[in-house]
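**Q** Each chain, written out:
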Amino acid sequence: ETGVTQSPTHLIKTRGQQVTLRCSSQSGHNTVSWYQQALGQGPQFIFQYYREEENGRGNFPPRFSGLQFPNYSSELNVNALELDDSALYLCAAIGTSLNEQFFGPGTRLTVL
Amino acid sequence: AQSVSQHNHHVILSEAASLELGCNYSYGGTVNLFWYVQYPGQHLQLLLKYFSGDPLVKGIKGFEAEFIKSKFSFNLRKPSVQWSDTAEYFCAVNAPGGANNLFFGTGTRLTVIP
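Quick mapping for you: the protein sequence lines, in order, are chains P and F. Just so we're aligned, residue 225 is where the first sequence starts under the working numbering, counting upward by one. Just so we're aligned, residue 3 is where the second sequence starts under the working numbering, counting upward by one.
FYI, nobody ran anything at the bench for these hints, they're computed from the structure. Among the hints, a few may not be true.
Cβ-Cβ distance ranges computed for the label pairs, FRET-style [as the list claims (entries may be wrong)]: (1) P:Glu306 <-> F:Tyr29: 28 to 34 Å; (2) F:Gln84 <-> P:Gly240: 42 to 48 Å; (3) F:Gly24 <-> P:Arg281: 27 to 33 Å; (4) F:Ser54 <-> P:Arg275: 35 to 41 Å.
Every residue, glycine too, gets a C-beta built ideally from N, C-alpha and C.
Whole structure, please, built from the sequences with the hints as guidance.
**A** Below is the structure:
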């Protein structure tokens, strides 16, 4: 167990809809990263939040947005869903060593 | 931009066989290197990491990896695999400092036959 939880576990949406995925860290880590893992691929960095501010972003369009709350829980929002957004979305809390990331179990999103 | 290559997509071994999974990265500066494992239906877990110092690092469950700077490689090894090692293995790299985001390879699926 990494102490990082994500909800929901699975989600099915249709093209054009919007989705919100959630992440929380039992340890209250103040840095969280989100990754997208398409089938058969490695995780790809979406963005990172530190103290409620975006602190780095990968090659994802603006319709991918996030929030981090004072209790260090986090949300990933995706607008105008596309079929290619179907993937496992992983949240990772950054440990005190700053270079160790603890991953949650992921949310599997299916876009029909 | 950083990139990570894992050339073995699927490896099938019998129990007790030795394992070596290749990982090469592309980045001109100092890097931190990681191997993660994803057992079926489970979280990504850290197997081992290299930040600096001894290039041969030992991780959990009998795994080790060797950082060879001249070859930009960080291969994962285990002398004798078990059926329970069946999983997906990901090599990852990040640059010290900055946003700490990890760049992952595409993964290698290991199947160990009893």
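**Q** Taking the hints in turn, state whether each one holds.
**A** Results for each hint:
Checking the proposed 28 to 34 Å range against P:Glu306 and F:Tyr29 shows it holds: the Cβ atoms sit about 30 Å from each other. At roughly 47 Å, the beta carbons of F:Gln84 and P:Gly240 sit within the given window of 42 to 48 Å. For F:Gly24 and P:Arg281, the Cβ-Cβ distance of about 30 Å falls inside the hinted range of 27 to 33 Å, so the restraint holds. Between F:Ser54 and P:Arg275 the beta carbons are some 27 Å apart, a value that contradicts the proposed interval 35 to 41 Å.
Comparing the model with each earlier hint shows a violation of hint 4 alone; every other hint is respected.
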